[in-house]
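2 protein chains.
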Amino acid sequence: MPSINAERLMSDLRHLRTIGAVENGVVRPALSPADMEARRWLAGRYEEANLETTIDGVGNVLGRSRNSGPALLIGSHSDTQPRGGWLDGALGVIYGLEIARALGEDADTKDLAIDAIAWQDEESNFMSCLGSRSYVGGITPEMEAEAVGRDGTVLSDAITAAGLADTPRITHVDGRYVGYLEAHIEQGAYLEDAGEHIGVVTAIVGIRGMRIRFHGQQNHAGTTTMARRCDAATGLYEMAYRINQEFPKVATEPTVWTMGQVQIEPGAVSIVPGFAELSLQMRDQDEAVLDAFQKIIADITVDIESRGKIKVEVEPARAPIRPCFMNDGFQAHLARAADVNAPGKWRHMPSAAGHDPMVLQAKLECAMLFIPSIAGISHDFAEDSHDADIVRGCQVMADAAASILKEATGA
Amino acid sequence: MPSINAERLMSDLRHLRTIGAVENGVVRPALSPADMEARRWLAGRYEEANLETTIDGVGNVLGRSRNSGPALLIGSHSDTQPRGGWLDGALGVIYGLEIARALGEDADTKDLAIDAIAWQDEESNFMSCLGSRSYVGGITPEMEAEAVGRDGTVLSDAITAAGLADTPRITHVDGRYVGYLEAHIEQGAYLEDAGEHIGVVTAIVGIRGMRIRFHGQQNHAGTTTMARRCDAATGLYEMAYRINQEFPKVATEPTVWTMGQVQIEPGAVSIVPGFAELSLQMRDQDEAVLDAFQKIIADITVDIESRGKIKVEVEPARAPIRPCFMNDGFQAHLARAADVNAPGKWRHMPSAAGHDPMVLQAKLECAMLFIPSIAGISHDFAEDSHDADIVRGCQVMADAAASILKEATGA
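Protein chains in written order, with the numbering used here: chain A, 1 to 411; chain B, 1001 to 1411.
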């Protein structure tokens, strides 16, 4: 089996960290000068690895193996959060490069085809997963003329400013790929808490957002008796409290829900509120759990409305994001490789955060691998992982990539 | 016993309504041209009633009986809310005038001394109860230079603009008054709901305001497990819900509490809140009930903190207003008069809203009488009361005033 070069892997990761470095973090938002500098550097490294390299019209960097397929596409995004950490995205990008190199250097795997990719704007400077959306054919010129970056620049202008206006876009063509692999830091603390080194991702969780509105009657907080009040806020407090009592009865360990936004009108100390709105976000890989949550909300709604004081309105706050399931076969290859490289120290687990595979699954079978985040921190300058975990994760993915392609080629 | 003149009473109330009339409401904020016009008109009516009349340096209008004391001071405020009703304040002011006239016309009571008063700015254009505060000696030139009206004018400038800069202030001098009586619309619906006509006020309720702050840990709403979260908002939801469950166990009928203002930080759908703040206002005439409420809050605080996730901080949001108790003897006179004029159709009751007696009690024994508000509406153009209730209330107060002064003079 191929052996990854730990020193080269860490050296490339550390070099990428210097591009857009601020304090101990990285500021490399999509299409910024730092982002484009990183992409040009990556393209150079892909070329040195004997990959046929293209920077496309949105900035996706593809390093294509000169071997014929079936091929595996491996990578992540190289843009960062406005104040990002050094590993979010970068880790998976350099894994793709290193795995292409490592397999190319091993007599047993040198004929397998690994394409490396660095997607554009996964972190939503202009549009979440811009690069992978463009790849699957999900972007129109109108969308590019309307999307505005965090600094106020329109996406199409930013593309022109980056010198990409006349550059072709890479789009998916059926035939070459067995599928797509992506490694990422966990961005949570399950692995660290359990003393484990590898997470084989089962699914990216589905997200449902709800807005729950309470309609009562605004009134004087001194002279309106409790019996006469139709206090919209009391409905909100009851709903939120009972959600926190009832949801745990059907939740599983990875299920999460958040009520992070509240609006009360008129919002005065001395006025009985006539209106209140609660936002609720729920995430789980199992849609049955999310369905059960909606049933609980409906039951509490009936309860509150039955008292004849407050009307409750429940509506989706956003289009629901359905869970995105990882390919079972790829998971089995990753699991076997994890068993070899971290025996007894890995787990199957869902991803609670979104990633490019949610978009790519329209065209490609996908799988993901996690390595531990120190203290679960991400989207922050303090984001970090232990070198040993970074190296081990790359070896696991290299082993899995080799065995997936061997199986696909019948080698 | 003296008999009030119902036609004259209603005619004066309706005339006062025309000054500052907007739609079917009244806009006569303190020291506005309409307010000053109303005060000059009142001064003329006081003069016609043979009262020795003064408009003082803040606009208080005093009509002093030419009889020697002991005297009763009777009145209310003639300024209105920014969009006020026609009876809030005006009712009590015209009652004072009518009672002075009615007692002066009756052979049995013509030697009793009734002074009529129209206080300034009870409705907080510049400063709540400005007129009565000035009367008890509670206003300094610094306060007048700092107080700003709803239109941005400084109080001292507004006094100058009203032509009152060099006018002396009326202040309390011990000796003349047995006490102060004020009639008011109820501003609630207890009387109407019960089919009653008169409320004899026992006390103006005390008010305590609290700010309850919850300190947790801000985090990612996708990747932070429920077990690891220190969600400040969940503490707030629990506190608010349990307050609404526990307070009714110690509350009495007139007790009210309101949680009308909430702040959640950072207030994003997808971020676990690190901080939350709940405002709580509680009103009762019985401080033991308010004390019991604070004990409940303390108990819930201990419960929430015992889980080791959230710190709770409870602090007063304002200086507490203590309940203001009405004079028992005056209440007995009002009760006897109510028994005569509305047998079986009156009650003792607290006032849930604040009034000038809260200030005046520093110098004067006080009592108040309520008449029903249609649908409990006040501080709104739609505010109204039935004519029969207006007339009946004035007769009750006239009877009580006569009997209080007869008792005081030993007549």
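Calculated from the structure, these hints are not laboratory results.
Do not rely on the hints blindly, as some may be mistaken.
[As the list claims (entries may be wrong)] Simulated crosslink set (SDA-like; lysine to any residue; CA at most 20 Å straight-line):
id, chain 1, residue 1, chain 2, residue 2
1, B, K1309, A, A189
2, A, K309, B, A1189
3, A, K249, B, A1189
4, B, K1249, A, A227
5, A, K249, B, F1247
6, B, K1309, A, K309
7, A, K309, B, F1247
8, A, K309, B, R1242
9, B, K1309, A, A227
10, A, K311, B, N1244
11, A, K309, B, R1228
12, A, K309, B, A1227
13, A, K309, B, N1244
14, B, K1309, A, K311
Each hint tested on the structure:
1. Straight-line distance between C-alpha atoms of B/K1309 and A/A189 comes to about 17 Å, which keeps the hinted pair within the 20 Å bound.
2. Restraint check: the Cα-Cα separation between A/K309 and B/A1189 comes to about 17 Å, which is no more than 20 Å; the hinted pair holds.
3. Between A/K249 and B/A1189 the alpha-carbon distance is near 43 Å, which puts this suggested pair outside the 20 Å criterion.
4. Between B/K1249 and A/A227, the direct Cα distance comes to roughly 14 Å. Compliance with the 20 Å bound is thereby established for this hinted pair.
5. Taking the CA atoms of A/K249 and B/F1247, the gap is about 28 Å. The hint is violated against a cut of 20 Å.
6. At most 20 Å may separate the alpha-carbon atoms for a hinted pair to count; B/K1309 and A/K309 exceed this at roughly 34 Å.
7. A distance of roughly 19 Å separates the Cα atoms of A/K309 and B/F1247; the hinted pair therefore holds under the 20 Å criterion.
8. For the given pair, A/K309 sits about 19 Å from B/R1242 by alpha-carbon distance, which is consistent with the 20 Å threshold.
9. For a cut-off of 20 Å, the pair hint linking B/K1309 to A/A227 is broken: about 35 Å separates their Cα positions.
10. Between A/K311 and B/N1244 the alpha-carbon distance is near 18 Å, which keeps this suggested pair within the 20 Å criterion.
11. A threshold of 20 Å between alpha carbons decides the hint, and for A/K309 with B/R1228 the separation of about 37 Å lies outside it, so the pair is violated.
12. About 35 Å separates the Cα atoms of A/K309 and B/A1227, which puts this hinted pair outside 20 Å; it is violated.
13. For the suggested pair A/K309 and B/N1244, the alpha carbons sit about 15 Å apart, so the restraint of at most 20 Å is met.
14. Between B/K1309 and A/K311 the CA atoms are separated by roughly 33 Å; this puts the pair beyond 20 Å, and the hint is violated.
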